[in-house]
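Each protein sequence line maps, in turn, to chains H and B. Take the position in the first sequence, starting the count at 1, then add 62; the result is the number in this note's numbering. Take the position in the second sequence, starting the count at 1, then add 1; the result is the number in this note's numbering.
Simulated from the structure, these hints should not be mistaken for laboratory data. None of these values were measured; they are calculated from a predicted model. Backbone N, C-alpha and C define an ideal beta-carbon position, used for all residues, glycine too. Incorrect hints may have been included.
List of simulated lysine-lysine pairs, DSSO-like, C-alpha gap at most 30 Å [stated by the list, open to error]:
1) B/463 with H/364
2) B/420 with H/364
3) B/420 with H/398
FRET-style restraints, in silico, Cβ to Cβ [as the list claims (entries may be wrong)]:
4) B/27 with H/427: 53 to 61 Å
5) B/652 with H/379: 28 to 36 Å
6) B/605 with H/128: 49 to 57 Å
7) H/447 with B/418: 34 to 42 Å
8) H/87 with B/418: 30 to 38 Å
If the Cβ cut is set under 10 Å, some of the chain B residues that face chain H in the computed set are [to be verified]:
9) 420
10) 421
11) 422
12) 424
13) 425
14) 428
15) 429
16) 431
17) 432
18) 497
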Amino acid sequence: MADAAARFAELSAAAAELTDRGLTAAAKWATEMLCGLPPGAAAGAAELLAVDAAARAADPDPPTLLLARACFSDREYARAAHLLAHLAPGPHSGALGGKAAAAGAPAKALFLRAYSLYLAGEQRREADRVQKSGLLGAAQSANPQLGAVEALLDCRTAEVDPFCLYLRGLVAVDRGRDDDARRLLSASASAYPCNWAAWQALLALCPDLDTLGALPLPAHWARDAFLAAACLELQHNAEALSRLQVVNQLFPGSDWVTAAAAAAHYSMRNFEEAQRLYEDLLARDPHRIEGMDAYSNILYVKEAFAALSHLAHRVAASDRYRPESCCIIGNYYSLKARAGAICCPFGGFAGQHERAVEYFRRALRLSRRYQSAWTLMGHEYVELKNAPAAIDAYRQAIEVSPRDYRAWYGLGQTYELLGMPYYALHYYRRGID
Amino acid sequence: MGAPAAGPAAHAASLRALVQDCIAKHLYGTAVFFADKLVSLTDYGAGDVFLLAQTYYVSHQFRRAAMLLRQHGLMEDVRFRYLAAKCFAEVGEWDEVLALLADGEPDDLAASQSDAPAAAAAAGREIATPSAVCLLRGRAYEALDNRAAAAQWYRAALSLDPFCEEALSALLDHHLLTNAEELALVDGLPLGPEHRWLWLLYRCRCKKYNQAACMEQQLAELEAPCSSGAAAAVAAAAAPAGDGDFARRAGAGAAGAAGGAGTAGVLQPSAQRQQAATPSAAQQRRQQLSHQRQPPSQQQSQPQQPATQRKAAAAGTPARDTRTARRAGTKQQPQPPGAAAAGAAAAPASALAPAGGASPGGCGLGSNTGVVACRAEWLHHQGRHEECYALTERALERDPYATECLPPHLASALALGRKNELFLRSHQLVEEYPDSALSWFSVGCYYMAARHFEAARRHFSKATALDRNSAHAWVGFGHAFAAQDESDQALAAYRTAARLFPGLHTPVLGMGMEYSRMNNLGLAERLFHAAHKLCPEDPLVAHEIGVLEYRNGRYALAERWLRTALAHHAARGGSGGGGGGGGPAAEASLLALGHARRKLGDYPGAIEAYRGALAIAPNAASTHAAVAFALQLSGDAAGAVREYHVALGLRPDDTFAQEMLGEALREECERAAGEAEDGLGF
Numbered sequence: 063m064a065d066a067a068a069r070f071a072e073l074s075a076a077a078a079e080l081t082d083r084g085l086t087a088a089a090k091w092a093t094e095m096l097c098g099l100p101p102g103a104a105a106g107a108a109e110l111l112a113v114d115a116a117a118r119a120a121d122p123d124p125p126t127l128l129l130a131r132a133c134f135s136d137r138e139y140a141r142a143a144h145l146l147a148h149l150a151p152g153p154h155s156g157a158l159g160g161k162a163a164a165a166g167a168p169a170k171a172l173f174l175r176a177y178s179l180y181l182a183g184e185q186r187r188e189a190d191r192v193q194k195s196g197l198l199g200a201a202q203s204a205n206p207q208l209g210a211v212e213a214l215l216d217c218r219t220a221e222v223d224p225f226c227l228y229l230r231g232l233v234a235v236d237r238g239r240d241d242d243a244r245r246l247l248s249a250s251a252s253a254y255p256c257n258w259a260a261w262q263a264l265l266a267l268c269p270d271l272d273t274l275g276a277l278p279l280p281a282h283w284a285r286d287a288f289l290a291a292a293c294l295e296l297q298h299n300a301e302a303l304s305r306l307q308v309v310n311q312l313f314p315g316s317d318w319v320t321a322a323a324a325a326a327h328y329s330m331r332n333f334e335e336a337q338r339l340y341e342d343l344l345a346r347d348p349h350r351i352e353g354m355d356a357y358s359n360i361l362y363v364k365e366a367f368a369a370l371s372h373l374a375h376r377v378a379a380s381d382r383y384r385p386e387s388c389c390i391i392g393n394y395y396s397l398k399a400r401a402g403a404i405c406c407p408f409g410g411f412a413g414q415h416e417r418a419v420e421y422f423r424r425a426l427r428l429s430r431r432y433q434s435a436w437t438l439m440g441h442e443y444v445e446l447k448n449a450p451a452a453i454d455a456y457r458q459a460i461e462v463s464p465r466d467y468r469a470w471y472g473l474g475q476t477y478e479l480l481g482m483p484y485y486a487l488h489y490y491r492r493g494i495d
Numbered sequence: 002m003g004a005p006a007a008g009p010a011a012h013a014a015s016l017r018a019l020v021q022d023c024i025a026k027h028l029y030g031t032a033v034f035f036a037d038k039l040v041s042l043t044d045y046g047a048g049d050v051f052l053l054a055q056t057y058y059v060s061h062q063f064r065r066a067a068m069l070l071r072q073h074g075l076m077e078d079v080r081f082r083y084l085a086a087k088c089f090a091e092v093g094e095w096d097e098v099l100a101l102l103a104d105g106e107p108d109d110l111a112a113s114q115s116d117a118p119a120a121a122a123a124a125g126r127e128i129a130t131p132s133a134v135c136l137l138r139g140r141a142y143e144a145l146d147n148r149a150a151a152a153q154w155y156r157a158a159l160s161l162d163p164f165c166e167e168a169l170s171a172l173l174d175h176h177l178l179t180n181a182e183e184l185a186l187v188d189g190l191p192l193g194p195e196h197r198w199l200w201l202l203y204r205c206r207c208k209k210y211n212q213a214a215c216m217e218q219q220l221a222e223l224e225a226p227c228s229s230g231a232a233a234a235v236a237a238a239a240a241p242a243g244d245g246d247f248a249r250r251a252g253a254g255a256a257g258a259a260g261g262a263g264t265a266g267v268l269q270p271s272a273q274r275q276q277a278a279t280p281s282a283a284q285q286r287r288q289q290l291s292h293q294r295q296p297p298s299q300q301q302s303q304p305q306q307p308a309t310q311r312k313a314a315a316a317g318t319p320a321r322d323t324r325t326a327r328r329a330g331t332k333q334q335p336q337p338p339g340a341a342a343a344g345a346a347a348a349p350a351s352a353l354a355p356a357g358g359a360s361p362g363g364c365g366l367g368s369n370t371g372v373v374a375c376r377a378e379w380l381h382h383q384g385r386h387e388e389c390y391a392l393t394e395r396a397l398e399r400d401p402y403a404t405e406c407l408p409p410h411l412a413s414a415l416a417l418g419r420k421n422e423l424f425l426r427s428h429q430l431v432e433e434y435p436d437s438a439l440s441w442f443s444v445g446c447y448y449m450a451a452r453h454f455e456a457a458r459r460h461f462s463k464a465t466a467l468d469r470n471s472a473h474a475w476v477g478f479g480h481a482f483a484a485q486d487e488s489d490q491a492l493a494a495y496r497t498a499a500r501l502f503p504g505l506h507t508p509v510l511g512m513g514m515e516y517s518r519m520n521n522l523g524l525a526e527r528l529f530h531a532a533h534k535l536c537p538e539d540p541l542v543a544h545e546i547g548v549l550e551y552r553n554g555r556y557a558l559a560e561r562w563l564r565t566a567l568a569h570h571a572a573r574g575g576s577g578g579g580g581g582g583g584g585p586a587a588e589a590s591l592l593a594l595g596h597a598r599r600k601l602g603d604y605p606g607a608i609e610a611y612r613g614a615l616a617i618a619p620n621a622a623s624t625h626a627a628v629a630f631a632l633q634l635s636g637d638a639a640g641a642v643r644e645y646h647v648a649l650g651l652r653p654d655d656t657f658a659q660e661m662l663g664e665a666l667r668e669e670c671e672r673a674a675g676e677a678e679d680g681l682g683f
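Between the sequences and the hints, there should be enough to build the whole structure, so can you do that?
Written out as structure tokens, the structure reads:
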């Protein structure tokens with residue numbers, strides 16, 4: 063119980079810290095885990111929390127930082143970065159920043175400034191990409207602020223602060239220096255294990271189990287969660303499940319664990335169990351969208367038209383401009399097209415495949431690295447007998463993540479349709495690997 | 002079984018026990034096999050033939066069972082005749098049923114056996130056979146479309162044995178009686194004070210018209226946790242019912258103790274069959290729920306008529322008024338009445354309560370699905386859809402097949418526009434119960450919510466074909482036609498519903514609305530008044546009568562009726578604890594009231610009513626134009642100009658407002674010029 067209380071205090075503090083730094087996704091994860099702790103955990107954590115609250119009260123954030131954070135929350139990143147220029151120690155005042163060492167307002171301001179710059183660059187990059195290229199166009203644009211961020215983080219503070227380390231890791235990823243990035247990110251995760259964003263960035267850098275094994279990781283429960291997620295990503299599903307079991311004992315009510323377990327079952331093609339878990343998840347949290355694309359795939363495979371339609375309407379009502387929502391709606395239209403061939407309870411089935419493609423396309427416009435949307439779009443193009451477009455979509459899927467056998471399989475199938483057996487054989491073989 | 006010497010009697014007895022056991026274990030084929038051998042062994046003894054017939058019955062060989070009973074001339078005993086009649090009922094030969102159950106006058110029969118129910122009630126153990134016979138007669142007459150006779154026999158069944166719930170269900174679900182008759186019937190049942198819970202439950206299941214004063218209290222008493230005394234009473238009375246239930250499920254086998262010719266068990270299998278045969282019986286309650294919601298779409302479907310308007314405007318009588326009101330009126334539809342003025346019903350109710358009914362505690366039935374369904378209907382009646390939906394959803398989560406909760410659930414989902422939920426629920430229902438009218442009714446509701454009236458019509462019609470007595474499906478059918486302005490077909494559907502369910506006011510109201518739409522005001526008036534007689538508390542009825550009087554030019558009357566409608570809305574809104582003033586449904590009444598008052602020359606009053614309507618629907622261009630018109634008539638040209646501008650801002654193509662704005666501007670200028678002249682003159 064004492065452990066649970068300690069975890070409760072740790073996660074509560076982490077939620078506040080992460081929110082302060084604008085790492086909202088990581089904060090969401092931390093709070094999701096927090097809510098998953100056994101019910102008694104909060105009781106023992108009171109005094110730990112009180113100490114933390116007192117420390118925060120003693121060292122209030124300066125008003126400019128508050129304003130910058132408000133701008134940041136409002137997605138005005140460049141403005142936030144500019145506001146913080148006075149607060150955060152710049153690259154040339156490195157010595158001054160070094161004194162303040164790890165935590166405290168200067169480090170926080172520095173991180174927020176650099177992160178704002180980074181995100182401002184990402185925004186620009188996204189805008190450029192949309193402007194310069196069509197959806198399938200290959201025009202790649204780089205984040206224009208990388209240099210500035212790098213310069214900003216080239217100081218003592220950034221050597222110690224776990225959040226700055228994380229950001230440097232992100233920059234290294236963008237620069238293509240994977241080894242550097244792995245080092246920086248695992249250092250960040252070791253120094254501050256509750257920052258799930260660092261773990262996730264690290265996850266993307268581990269193409270196989272060996273790399274994973276070579277990483278210097280802290281002895282912390284977050285490590286178990288990370289390893290479970292990594293196994294899931296690398297399609298070592300049974301191992302992922304057993305690792306999730308461990309995490310589940312610490313966080314028996316966590317939605318994250320349930321969702322991960324459902325994804326593992328889904329990857330193992332254990333649809334019944336996965337469906338049960340997803341339904342549990344939806345019953346608890348009916349407006350959840352994360353992970354529901356996998357659920358919609360299950361419903362698609364089982365041809366549960368009513369349930370899929372219900373899900374599609376529900377996510378459309380919750381937020382129709384999420385990539386997952388678009389993917390679910392795409393699946394819905396695709397199944398409608400298939401159902402239309404069999405029975406016709408709704409009439410008017412022409413062009414459902416086109417609508418499905420349109421929705422997958424929209425999902426990809428919202429998130430270009432959304433692999434399963436690429437694959438599903440490939441499937442739709444196959445249905446539409448548009449082999450070149452299908453091949454292109456599958457190739458994009460493989461580019462995002464070469465580990466997905468479905469895309470390889472789709473590629474093989476398309477070449478088979480085109481009467482190119484050697485190509486097909488080659489890709490099927492890749493799929494097996 | 003090594004010793005063959007056991008006497009034939011013992012042999013027969015063991016076979017009998019075996020057959021009973023087979024029935025209890027649902028091995029009907031085996032039961033038939035052994036019962037068949039048994040009759041041969043005992044040379045067709047009466048009891049054994051009956052047992053064989055019973056086994057035929059439970060294994061669905063109805064004609065064979067009837068033939069067997071008839072062949073052996075065993076039609077003297079009422080129990081045998083009853084079983085044979087049940088068999089004919091199963092195969093739909095209702096004339097045979099009536100021929101078997103020697104006919105009589107229900108009243109005579111009730112009189113002749115008046116002591117029987119007392120005995121049965123005292124024992125409290127079984128349903129009186131004559132009561133079951135009467136119930137079956139009622140079903141036969143109903144199937145032969147002789148509804149008056151059916152109602153009479155159902156009543157007889159109930160008065161012979163108040164525990165014969167199916168008779169009450171048939172009466173209530175098929176709306177054979179008016180509200181007052183239902184209440185009188187329930188109050189007249191020979192239920193002792195120890196059965197107050199049952200009396201309460203019966204009363205709560207009656208139509209909710211006119212019950213504002215007592216319904217809440219009755220439901221509260223049913224739901225309140227038991228006091229020990231009340232608990233004992235319920236348990237005592239429920240025990241036999243529970244046995245019956247079990248026996249029913251066990252196919253009468255549980256009554257094996259009664260020996261081969263089972264005297265006690267006789268009625269139970271029939272009860273089972275009856276249940277199976279009319280799965281929808283419990284589902285047809287509360288049509289009121291299901292209908293309506295005619296659509297705002299009518300607003301689009303009735304085109305504006307600039308020419309008439311202009312003419313009318315010139316004459317100072319916007320013809321549009323009635324149309325607007327009428328149109329808007331269709332939106333709010335027959336919500337069941339909430340109630341004002343139901344005080345009258347309260348007094349007799351408490352006077353008639355058995356045993357003064359002063360039980361301090363409740364009945365502890367709060368979690369019972371039947372009571373939840375009553376509560377849900379009551380909420381729906383009052384237009385508290387949100388609460389009704391939440392309540393039924395919880396109940397359905399516990400028991401997804403609680404059919405009695407489904408109609409209010411579907412109706413409130415439709416009222417709230419929960420299309421997605423309706424979709425999923427309908428799919429599940431159709432998948433699991435494709436033969437149930439309720440499933441298809443649910444699909445119809447979904448299409449109504451999705452505004453695919455054509456498909457809705459198809460599915461409602463399918464529901465009515467599956468179960469002619471499905472009141473809500475009939476009314477929904479009518480509404481689906483009405484939504485598409487198909488007055489003739491809508492009238493036909495409503496007319497059928499009114500004929501089948503004489504106690505129900507919604508079809509009558511719907512017919513009136515259709516006639517009103519077709520400008521047949523005389524007929525419409527008669528029908529509205531008939532609906533008002535059936536259900537005096539429905540604000541929609543009062544509203545429609547008010548609009549009708551308006552169209553007839555009797556403005557004072559119209560004003561009175563509309564105020565009545567608003568009072569009903571307010572009473573309902575008040576009891577609902579929701580927003581004051583009766584919510585969105587009251588808007589049309591307020592608007593119409595404004596028009597009526599304007600006609601009467603009461604401009605401030607009219608403007609007040611319009612403002613009330615605007616508070617509910619602030620963006621209604623026509624209401625703003627109406628305010629402007631009233632202002633103009635009362636001489637405030639400047640105010641009128643302001644309001645006309647608001648109206649035109651909301652709907653630029655409003656020709657009435659355009660034209661009148663020109664008028665108002667001219668008046669305003671002339672007045673200003675006059676003032677200027679006066680000023681110059683002095």
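Verification of the hints:
For the proposed pair residue 463 of chain B and residue 364 of chain H, the alpha carbon gap of about 29 Å is at most 30 Å, so the pair holds. Straight-line distance between C-alpha atoms of residue 420 of chain B and residue 364 of chain H comes to about 23 Å, which keeps the hinted pair within the 30 Å bound. Taking the CA atoms of residue 420 of chain B and residue 398 of chain H, the gap is about 18 Å. The hint holds against a cut of 30 Å. A beta carbon spacing of about 60 Å between residue 27 of chain B and residue 427 of chain H agrees with the range 53 to 61 Å that was offered as a hint.
The supplied range of 28 to 36 Å is met by residue 652 of chain B and residue 379 of chain H, whose beta-carbon atoms lie about 29 Å from each other. With their beta carbons about 54 Å apart, residue 605 of chain B and residue 128 of chain H fall inside the hinted range of 49 to 57 Å. Taken as a hint, the range 34 to 42 Å holds for the pair residue 447 of chain H and residue 418 of chain B, whose Cβ atoms sit roughly 40 Å apart. Between residue 87 of chain H and residue 418 of chain B the C-beta distance comes to about 34 Å, which sits within the given range of 30 to 38 Å.
With its C-beta approaching chain H no nearer than about 7 Å, residue 420 of chain B sits inside the 10 Å limit, and its interface hint holds. A distance limit of 10 Å between C-beta atoms decides the matter here; for residue 421 of chain B the minimum to chain H is near 4 Å, and the interface restraint holds. With a least beta-carbon distance of about 8 Å to chain H, the hint placing residue 422 of chain B at the interface is held under the 10 Å criterion. Checking residue 424 of chain B against chain H: minimum C-beta separation of about 6 Å stays under 10 Å; hint holds.
Because the beta carbon of residue 425 of chain B sits about 4 Å from the nearest beta carbon in chain H, less than 10 Å, this interface hint is met. With a cut of 10 Å, the hint placing residue 428 of chain B at the interface with chain H holds, because the nearest CB-to-CB distance is about 3 Å. Interface hint status for residue 429 of chain B: upheld, as the beta-carbon distance to the closest one in chain H is roughly 7 Å, under 10 Å. Proximity of residue 431 of chain B to chain H holds as hinted, the smallest CB-CB distance being about 9 Å (cut-off 10 Å).
Among the interface hints, the one on residue 432 of chain B holds; its C-beta lies about 8 Å from the nearest C-beta in chain H, closer than the 10 Å criterion. Taking 10 Å as the C-beta contact cut-off toward chain H, the hint placing residue 497 of chain B at the interface is violated, the least distance being around 27 Å.
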